[in-house]
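J.: Below, each chain spelled out in residue letters.
6 protein chains.
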Amino acid sequence: MKIHVVAPITTPELSRAEHFTPHAREDNEVVVSILDDGPASIESQFDEAVALPDIVRRAVEAESAGADAVVIDCMGDPGLGASREVTSMLVLGPAQTSMHVASMLALNFSIVTTGESVLPMFHDLIRRYGLTDRVCSIRPVEIPVLELHVDGRLQDALFSEALKAVEQDGAHAIVLGCTGMRGWAELLTEHLAQHGHGGIPVIDPVITTLKIAEALVDLGLTPSSRTYPTPPVKTVRGYDALMDVVTR
Amino acid sequence: MKIHVVAPITTPELSRAEHFTPHAREDNEVVVSILDDGPASIESQFDEAVALPDIVRRAVEAESAGADAVVIDCMGDPGLGASREVTSMLVLGPAQTSMHVASMLALNFSIVTTGESVLPMFHDLIRRYGLTDRVCSIRPVEIPVLELHVDGRLQDALFSEALKAVEQDGAHAIVLGCTGMRGWAELLTEHLAQHGHGGIPVIDPVITTLKIAEALVDLGLTPSSRTYPTPPVKTVRGYDALMDVVTR
Amino acid sequence: MKIHVVAPITTPELSRAEHFTPHAREDNEVVVSILDDGPASIESQFDEAVALPDIVRRAVEAESAGADAVVIDCMGDPGLGASREVTSMLVLGPAQTSMHVASMLALNFSIVTTGESVLPMFHDLIRRYGLTDRVCSIRPVEIPVLELHVDGRLQDALFSEALKAVEQDGAHAIVLGCTGMRGWAELLTEHLAQHGHGGIPVIDPVITTLKIAEALVDLGLTPSSRTYPTPPVKTVRGYDALMDVVTR
Amino acid sequence: MKIHVVAPITTPELSRAEHFTPHAREDNEVVVSILDDGPASIESQFDEAVALPDIVRRAVEAESAGADAVVIDCMGDPGLGASREVTSMLVLGPAQTSMHVASMLALNFSIVTTGESVLPMFHDLIRRYGLTDRVCSIRPVEIPVLELHVDGRLQDALFSEALKAVEQDGAHAIVLGCTGMRGWAELLTEHLAQHGHGGIPVIDPVITTLKIAEALVDLGLTPSSRTYPTPPVKTVRGYDALMDVVTR
Amino acid sequence: MKIHVVAPITTPELSRAEHFTPHAREDNEVVVSILDDGPASIESQFDEAVALPDIVRRAVEAESAGADAVVIDCMGDPGLGASREVTSMLVLGPAQTSMHVASMLALNFSIVTTGESVLPMFHDLIRRYGLTDRVCSIRPVEIPVLELHVDGRLQDALFSEALKAVEQDGAHAIVLGCTGMRGWAELLTEHLAQHGHGGIPVIDPVITTLKIAEALVDLGLTPSSRTYPTPPVKTVRGYDALMDVVTR
Amino acid sequence: MKIHVVAPITTPELSRAEHFTPHAREDNEVVVSILDDGPASIESQFDEAVALPDIVRRAVEAESAGADAVVIDCMGDPGLGASREVTSMLVLGPAQTSMHVASMLALNFSIVTTGESVLPMFHDLIRRYGLTDRVCSIRPVEIPVLELHVDGRLQDALFSEALKAVEQDGAHAIVLGCTGMRGWAELLTEHLAQHGHGGIPVIDPVITTLKIAEALVDLGLTPSSRTYPTPPVKTVRGYDALMDVVTR
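If you're matching them up, the sequences are chains A, B, C, D, E and F in order. Per my numbering, the very first residue in the first sequence carries number 1; after that it's consecutive. Per my numbering, the very first residue in the second sequence carries number 1; after that it's consecutive. Per my numbering, the very first residue in the third sequence carries number 1; after that it's consecutive. Per my numbering, the very first residue in the fourth sequence carries number 1; after that it's consecutive. Per my numbering, the very first residue in the fifth sequence carries number 1; after that it's consecutive. Per my numbering, the very first residue in the sixth sequence carries number 1; after that it's consecutive.
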C-alpha cells in the first residue's frame with residue numbers, strides 16, 4: 001500500500017515522511033510532497049486559492065506514481081473536491097475525516113485551532129459536512145501556523161484552550177484544528193486526565209486521516225464518481241504543469 | 001490486535017470468524033461470539049430489548065479476555081451506548097460507522113435493507129446520528145433476516161432496489177442495510193457499473209466497521225467517557241450472568 | 001378508564017398509586033407496578049438495558065389486565081418503542097410527552113435533571129424527538145435519583161438551577177428532568193414568581209403524561225402501527241416470563 | 001371547567017356547542033362563539049388579518065366570563081400569540097396541538113387539507129413550530145371550507161388523498177388539515193384499515209385540542225408569560241369593542 | 001418609480017418622506033403613509049393584530065395609486081403575507097430583507113433591538129425565514145419604541161449592546177432591530193471601528209429594504225403568486241374601508 | 001458608480017459589457033473582464049481550481065481601478081471568499097445573491113441548470129448558505145455551458161424543465177442555474193404564465209446580482225471583515241501577476 005501525503009504548502013520542513021511513518025502500517029509506504037507553487041502556509045481562503053492548482057497536480061501525479069490514496073495535510077481540506085474529480089483513487093481531507101470520527105465517538109466535539117481568522121473557514125466546512133449540531137466550540141490558540149513549532153507557546157495555549165473547551169464549553173471530545181499540531185494528542189489527553197477529565201478523546205486529524213485511509217484502501221472504497229464526476233475536457237489557459245499531467 | 005465481533009443473536013451460523021478473517025489485517029485476531037439469551041434475529045425494537053443484556057455481557061467479557069475493540073454485528077447498533085459505558089475499550093456499531101464513512105465519500109447515500117418494518121429504526125438512528133440531510137432513501141428488499149441466505153432471492157432484490165436508489169432516488173452511494181448482507185458489496189458495485197453507474201461506493205457495514213476499528217485501535221481512540229460515563233454502582237435484580245462480569 | 005404506570009425500577013417505594021390518584025380523573029383507575037428484574041434506578045444506558053425486558057413484560061401484562069394506557073415512569077422513556085410494538089394500546093413516555101407539551105406553551109424550555117451523567121441520554125432523546133432547537137439548556141442538580149428524597153438538598157438545588165436557567169440561560173419554561181422530582185412543579189413555579197419570573201410554566205413530566213394519556217384514551221388515539229409494527233414471531237432464548245405473556 | 005371555543009369566522013352554522021359537547025368531559029362546559037367582524041371562512045393570510053382583532057376580543061371576553069381555556073377553531077391558529085399575550089389562561093390552537101400530538105405517536109405525519117392555496121400557511125406554521133422534519137406530505141382535497149359540508153364530495157376526496165398519503169408518500173399518521181373536517185377521523189381510520197393500513201392514527205385537530213386543553217387545565221399549565229408577555233399599555237385607534245375589554 | 005412606505009402605526013411623526021428621500025434614487029418618489037386605525041407603536045403580537053387590517057388597506061391603496069412597491073416600516077414585518085396576497089406589486093418587510101442581506105455579507109449576525117419583550121417575535125420570524133443558524137444573538141437596549149428619540153439614551157445603549165454582540169457573542173454583522181433606529185448605522189459602524197472592530201457591517205433595515213426594493217422593481221420581480229395566492233372572494237363583516245378598496 | 005463583472009473564464013464572447021449595461025442604472029458604469037489564465041467554462045470543482053487565482057487578481061485589479069463592487073459571473077460563486085478577503089469593496093456572487101432573493105419572494109425555489117454534473121456543486125453551496133430547506137428541486141437541461149447559445153436547444157429544455165419544476169416538484173419560484181442563461185427570465189416567465197402558472201418569479205442570477213450590488217453600493221455595505229479577514233502577509237511561490245497586485 002502506498003499513501004501519498006500532499007502538504008499544500010511550499011514550506012519544506014513542516015511535513016516529512018518520518019512524521020507519518022511511525023503511525024503507518026508496515027505494509028504502507030508513506031510518501032510526502034509539498035507544492036512548487038503556493039503559499040508558505042494556509043490561513044485564509046486566499047491562501048487556499050493559490051494552493052489549489054498545485055494540490056490537484058500533486059494528487060494526479062501521486063496516482064500516476066501508484067498511490068492508493070492521497071491525504072491532504074491541511075485542516076481546510078483544500079482541493080479535496082477537485083482532486084477527487086480528476087483521480088480514481090481515494091482522497092481524504094483531515095477536517096472531514098476527523099470530524100466524522102469525532103462524531104462516532106462523542107456527543108459533540110470542540111476544535112482547538114490556530115487563530116481567530118480561520119474560524120469562518122471552519123464554520124464553512126462544518127456547514128458543508130452537515131455537522132453543525134455536533135460542534136461544541138472552536139477555540140483559537142492565536143499562534144500563526146508557521147510559529148507553532150518555534151517556541152514553547154503552543155503547549156500552554158493548547159492545554160489551556162482545550163481545558164476551557166471541556167470545562168466551560170462542555171466538550172466531549174477535542175479535535176486538533178491544524179495539521180501542524182500533529183503529535184500533541186497524547187500529551188493533551190494526559191493533561192486533560194490530570195485535570196480530572198480522563199477519557200476525553202483527542203483527535204490528531206492528519207494521523208487519524210492516514211489510518212482511516214489505510215482502512216478504506218483495504219476496503220477498496222473511493223469517493224463517489226457521482227458526487228465527483230470527471231470534469232469534461234476543455235481548454236484551460238496557463239497551468240501547463242497541471243494540464244500536462246491531467247490530460248495525459 | 002484482537003477485535004471481538006458480537007453477533008447480537010442466538011442463531012449460530014450467521015456470524016463466524018471465517019467471515020471476517022479474510023478482511024482483517026494479519027495482526028488482528030478476530031473472535032466472534034453470539035448470545036446465550038436473546039432473539040434469533042433483530043428486526044424490531046422488541047428484538048433489541050431482549051438482546052441488550054447479553055450484548056453488554058459479551059462486550060464486558062470480550063474486554064476481560066483482552067479484546068481491543070468490539071464490533072456489534074447488527075445495523076440497529078443495539079447495545080452500543082450501554083457497552084461503551086461499562087467498558088474502556090473501543091466499541092463500534094455498523095450503522096453509525098458506515099453512515100459516517102458514506103458521508104465522507106458522497107453527497108448522500110441510500111440504504112438497502114431487509115423489510116419495511118425496520119425503516120422506523122433506521123430513521124431513529126439517522127436522527128440520533130444527525131445525518132438526516134445525508135440520507136437519500138431507504139429501500140427494503142422485503143426478505144426477513146433469517147431468509148437472506150436461503151434461496152436466490154437476495155441478489156435480484158438487492159440489485160433491483162440499489163439500481164432504483166441510484167436511478168430514481170438519485171443516490172450517490174449505497175449502504176447495505178443489514179449486516180446479514182455481508183459480502184455483497186463487490187458484486188453490487190459491478191452490477192451498478194454494468195448499468196452505467198460506475199464509481200458508486202457500496203458500503204458493507206460490518207466489514208467497514210471492522211476495518212475502521214483496526215484504524216482506531218492503532219490510534220488509541222476510544223469513546224468519550226463524558227458521553228458514556230461509567231454507570232453508578234447500584235443494585236440490579238436478575239441478570240446474574242451479566243452482573244457477575246460487570247461488577248468484578 | 002384504567003391507566004397503568006410502569007415504574008421501570010425495582011425500588012418499591014418510589015412510585016405508588018397514591019402519588020398519581022390525586023391528579024387522575026375520577027373515572028381513571030391508576031395502577032402502578034415496578035419491575036421484578038431490573039435496576040434500582042435508571043441513570044445510564046446500562047441501567048436501561050437491564051430494565052427493558054421487564055418494562056415490556058409489564059406493559060403487555062397491563063394490556064392483558066385491561067389497561068387503556070401505560071405510562072412509563074422514567075425520563076429516559078425506556079422501553080417506549082418496544083412496548084408500543086407488542087401492544088395495541090396507548091403507551092407514553094414522560095420525556096417525549098412533556099417536551100412536546102413544553103413546545104406548545106413556550107418558545108423554548110430548559111430541563112433541570114439529576115446529574116451530569118444523564119445529559120447524553122437527554123441529548124439523544126432530544127435529537128430523536130427532533131426538538132434540538134427548542135432546548136435552551138439542561139442543568140443537573142447533582143443528586144442521584146435514589147437520594148432525591150432523603151434529605152432537603154433537592155429543593156435548594158432545584159430552585160437554584162431553575163432560576164439560573166431562567167435568568168442566565170433565557171428559559172421560557174422548565175421541564176423537571178426526572179420523574180422522581182414529581183410534585184415540585186407548583187412550589188418551583190411560586191419560587192420563580194417570587195424572584196420576578198411569574199408565568200414560567202413548570203412541567204411535571206409524569207403527571208403531565210398521565211393527564212395527556214387520559215385525553216388520548218378518550219380520543220381513541222394509539223401509536224402508529226407503521227412506526228411500531230408488530231414484531232415478527234421468532235425464537236427468543238431466555239426471557240421466559242416475558243415470552244409467556246407476549247406469545248399468548 | 002369551562003372551555004371556550006372561538007370559531008374565528010362569521011358563519012354561524014359551522015361551529016356549535018353540540019359539535020364539541022359529546023367529546024368533552026362531563027365536568028367541562030363547552031361554550032362556542034363566532035366573530036362579529038371577520039371573514040366567512042379562513043383560507044388566506046388576508047382572511048386571518050381581518051379575523052385577528054375579533055378573535056382576540058373573543059378570547060378576552062371568554063376569560064372575563066370565567067373560561068379556563070380558549071380553543072381557536074381554525075387550523076391556521078390565527079390570533080394564538082396575540083390572545084396568549086392579553087390573557088392569563090390557556091389558549092390553544094389546533095395546528096400546533098395536533099401536530100405535536102401526531103409527533104408523539106408516529107415517525108411522521110401527512111396533512112390532508114382543503115385547497116392548495118393554504119399550503120404556504122401550513123409550511124409557515126410548520127417552520128415556526130419546528131416540525132419540518134416530521135411532515136411527510138400535505139395533500140389538498142380541493143374543496144373550499146364553506147363547501148366541505150354541502151355535497152358528498154368531501155368523503156371521496158378525503159379518503160382518496162389520505163390513502164395516497166399512506167401508500168405513495170409513506171405517512172405514518174394523518175392530521176386532518178381543516179377544523180371543518182371535524183368528525184371524519186373515525187371513518188377515515190376504518191377506511192384506511194379496510195385498505196390494509198390498520199393502526200394509522202387519524203387526528204381530528206380541534207377535538208384533539210379540546211381534550212388536550214382539558215388535560216392542561218387540570219394541570220394548571222398556561223402559556224409562558226416570557227414568550228407571550230403582556231403588551232405595554234398604549235394608544236390604539238379604532239377597535240373600540242376590543243380595547244374596551246382589553247383595557248378594563 | 002414610486003415606492004410607498006407604510007408605517008404600520010398611528011403616530012404621525014415617526015416616519016416621514018424626508019427620512020427616506022435622501023437615501024432613494026432620484027427616479028424614485030417615496031411616499032409615506034401611516035394608519036388610521038391601529039396602535040401607536042408595535043411591540044407585541046397584539047399590537048400587530050390591531051395594525052394588520054389597515055396595513056393591508058394602505059398597501060392596496062398604494063398599488064391603486066400607482067406604487068411599484070410597498071415597504072412595511074416595522075421589524076415585525078406585519079401584514080407582509082396578507083399584503084402580498086391582495087396586491088400584484090412588490091411588498092417587502094425589513095426583517096426578512098435585512099436578515100437575508102446580512103446573510104449575504106457575513107457568517108452570522110446579531111440583532112440589537114428595543115426590549116426583551118420583542119425577542120419571541122424575532123425568534124418566530126427567524127424560524128419562518130429559515131435563518132436560525134445565522135443568528136448569533138439578539139440584544140435589547142430596553143428602550144420602548146416611542147422613547148427611542150426622546151432623550152439621549154439610545155446612543156449609549158445601542159453602542160454598548162452592539163459592542164457586546166461583537167466582543168462577547170462573536171457577531172460578524174449587526175442588524176438594527178427596530179426601524180425606529182433608522183439612521184444609526186453609520187455612527188455605530190464608526191463606534192465599532194474605534195473599538196478595534198472595523199469592517200463590521202451594520203444594517204439599517206428599513207433603508208436597506210428601500211434600496212433592495214428599488215433593485216427588485218427594476219428587475220420586475222414580485223412575490224410568488226403561488227406562495228401568496230389571491231384570496232378567494234368571500235363575505236367579510238366589518239372592515240368596510242378595507243373591503244371597499246380590496247373588492248374594487 | 002462603477003461595477004466590475006469578472007467572468008471567471010477565458011472564453012471572450014460569453015460576457016460583454018453590453019449584456020449588462022441595459023440593466024444597469026445610468027450612473028453605473030459596468031466593466032467586464034475575463035481571465036488570462038483559467039478554464040474555458042466552469043462545470044466542475046477542477047475548473048474552479050484553475051480559475052481561482054485569476055479571479056482574485058481581477059477583483060484586486062478592479063478595486064485598484066476604482067470599482068465600487070465586483071460581481072463574479074458564475075453560479076459556482078468561485079473566488080467569492082478569497083476576493084472578499086483581499087479587497088475592501090463589495091464582492092457578490094450570483095448563487096448566493098439570487099438564492100437569498102428567491103427566499104425573500106417565495107416559499108421555495110427550484111434551480112434549472114446546465115448538467116447533472118454540477119448538482120453536487122449546487123448542493124455544496126446550498127449547505128454553505130444554509131438554504132437547504134428552501135430548495136425544491138434542481139433540474140439540469142443537459143446542455144454544456146459552451147453550447148447554451150449554439151443551437152435552439154436551450155429554450156425547449158429550459159421551458160420544459162422549469163414547467164416540470166413547477167408542476168411536478170411544486171416550485172414557487174425558479175432560479176436560472178447558470179449565468180450563461182442570462183436573458184431568459186422574461187420569456188420563461190411568460191411561458192409559465194401561458195401554461196397557467198402566472199406570477200412565478202424567475203430569477204436571472206447575474207442581472208439580479210448586478211442590481212443588488214447597485215443597492216448595496218448605495219448603502220455603503222461591504223462584506224464583514226470578520227468573516228473575510230485580510231490574509232496575513234506571507235511568502236507565495238508562483239502567481240507573480242496576482243502577488244504583484246495583492247501586495248502593492
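No wet-lab data here; the hints were simulated from the structure. Any given hint could turn out to be false.
[Stated by the list, open to error] Partial pick of chain D residues on the chain C-facing surface, computed with a CB cut under 8 Å:
hint, residue
1, Leu105
2, Leu107
3, Asp133
4, Val135
5, Gly196
6, Ile203
7, Ile207
8, Thr208
9, Leu219
10, Ala241
11, Met243
[Stated by the list, open to error] Only part of the chain B face toward chain F is listed, based on derived beta-carbon distances under 10 Å:
hint, residue
12, Leu107
13, Gly130
14, Asp133
15, Ser137
16, His172
[As the list claims (entries may be wrong)] Calculated lysine to any residue pairs in the SDA-like style (CA-CA distance at most 25 Å, straight line):
hint, chain 1, residue 1, chain 2, residue 2
17, A, Lys234, F, Tyr239
18, B, Lys2, A, Gly66
19, B, Lys234, C, Ala40
20, B, Lys164, F, Gly170
21, E, Lys2, F, Tyr239
22, B, Lys164, F, Met1
23, C, Lys164, E, Trp184
24, C, Lys2, C, His19
25, D, Lys2, D, Pro22
26, A, Lys2, A, Leu107
27, A, Lys2, A, Pro22
We treat Cβ as the ideally placed atom computed from N, Cα and C, and that holds for glycine.
J.: Does the alpha-carbon distance linking Lys2(C) and His19(C) stay inside the 25 Å limit?
T.: 15 Å, holds
J.: Tell me if the straight-line CA distance from Lys164(C) to Trp184(E) falls inside 25 Å.
T.: At roughly 34 Å apart (the allowed maximum being 25 Å), Trp184(E) and Lys164(C) break the hint.
J.: Please verify that hint: Ser137(B), Cβ, nearest Cβ of chain F, below 10 Å or not.
T.: 15 Å, violated
J.: Was the hint right that Val135(D) lines chain C, CB cutoff 8 Å?
T.: 11 Å, violated
J.: Go through the hint on His172(B) and say holds or violated, using the shortest Cβ distance to chain F against 10 Å.
T.: At 8 Å from the nearest chain F Cβ, His172(B) passes the 10 Å test, so the hint holds.
J.: Does Leu219(D) pass the interface check with chain C, least Cβ-Cβ distance below 8 Å?
T.: It holds, given that the least Cβ distance between Leu219(D) and chain C is near 6 Å, below 8 Å.
J.: Given Leu105(D) was flagged as interface, is its beta-carbon under 8 Å from a beta-carbon of chain C?
T.: 5 Å, holds
J.: Just to be careful, I want the Cα atoms of Lys164(B) and Met1(F) compared with a cutoff of 25 Å; is the pair within it?
T.: 54 Å, violated
J.: With 8 Å as the cut and Cβ atoms as the points, is Leu107(D) at the interface with chain C?
T.: 4 Å, holds
J.: Check the hint pairing Lys2(E) with Tyr239(F) against an upper bound of 25 Å on the C-alpha distance.
T.: Given pair Lys2(E), Tyr239(F) is violated - Cα atoms ~49 Å apart, limit 25 Å.
J.: Is Lys2(A) close enough to Leu107(A), meaning Cα to Cα at most 25 Å?
T.: 34 Å, violated
J.: Would the hint linking Lys164(B) and Gly170(F) be met if the CA-CA limit is 25 Å?
T.: Between Lys164(B) and Gly170(F) the Cα gap is close to 23 Å, so the pair holds against 25 Å.
Of the hints listed earlier, those the structure fails to meet are numbers 4, 5, 10, 11, 13, 15, 18, 21, 22, 23, 26, in rising order.
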